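Trainee: Sequence:
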Amino acid sequence: MPLYLAVAGVLAAAVLGFAGGMVTYQKSRRWCTICGSSLRCPRCARWNQR
64 MPLYLAVAGV LAAAVLGFAG GMVTYQKSRR WCTICGSSLR CPRCARWNQR
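Numbering (our numbering), first residue to last: 64 to 113.
If you are wondering where the hints come from, they were derived from the structure by calculation, not from laboratory data.
Here the structure is a predicted model, which is why all the values come from computation and not from measurement.
Backbone N, C-alpha and C define an ideal beta-carbon position, used for all residues, glycine too.
Incorrect hints may have been included.
Stated by the list, open to error - Just the calculated beta-carbon pair ranges, DEER-fashion:
#, residue 1, residue 2, range
1, L66, P105, 30 to 40 Å
2, M85, P65, 29 to 39 Å
3, L66, C104, 51 to 61 Å
4, M64, C95, 27 to 37 Å
5, A82, P105, 34 to 44 Å
6, C104, G80, 24 to 34 Å
7, P105, M64, 49 to 59 Å
8, M64, G84, 18 to 28 Å
9, A69, C104, 40 to 50 Å
10, P105, V73, 41 to 51 Å
11, T87, M64, 23 to 33 Å
12, C95, A75, 47 to 57 Å
13, C104, A71, 39 to 49 Å
Required output: the full structure, derived from the provided sequences and hints.
Mentor: Structure below.
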């Protein structure tokens, strides 16, 4: 396999991985880190965690 195809593949994978990580991070902010509910538990409501 030519080197330029390997480099292009690695760069494409890096860009897709970065974009996927950004989407996943935004979705993970919807969940409480303590109880795992969707930020509606009493502790989250009291502390207004986000």
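Trainee: Give a verdict on every hint.
Mentor: Hints versus structure:
{"no.": "1", "hint": "L66 <-> P105: 30 to 40 Å", "result": "violated, 58 Å"}
{"no.": "2", "hint": "M85 <-> P65: 29 to 39 Å", "result": "holds, 31 Å"}
{"no.": "3", "hint": "L66 <-> C104: 51 to 61 Å", "result": "holds, 53 Å"}
{"no.": "4", "hint": "M64 <-> C95: 27 to 37 Å", "result": "violated, 46 Å"}
{"no.": "5", "hint": "A82 <-> P105: 34 to 44 Å", "result": "holds, 35 Å"}
{"no.": "6", "hint": "C104 <-> G80: 24 to 34 Å", "result": "holds, 32 Å"}
{"no.": "7", "hint": "P105 <-> M64: 49 to 59 Å", "result": "holds, 57 Å"}
{"no.": "8", "hint": "M64 <-> G84: 18 to 28 Å", "result": "holds, 27 Å"}
{"no.": "9", "hint": "A69 <-> C104: 40 to 50 Å", "result": "holds, 48 Å"}
{"no.": "10", "hint": "P105 <-> V73: 41 to 51 Å", "result": "holds, 47 Å"}
{"no.": "11", "hint": "T87 <-> M64: 23 to 33 Å", "result": "holds, 30 Å"}
{"no.": "12", "hint": "C95 <-> A75: 47 to 57 Å", "result": "violated, 35 Å"}
{"no.": "13", "hint": "C104 <-> A71: 39 to 49 Å", "result": "holds, 46 Å"}
Comparing the model with each numbered hint stated earlier shows that hints 1, 4, 12 do not hold.
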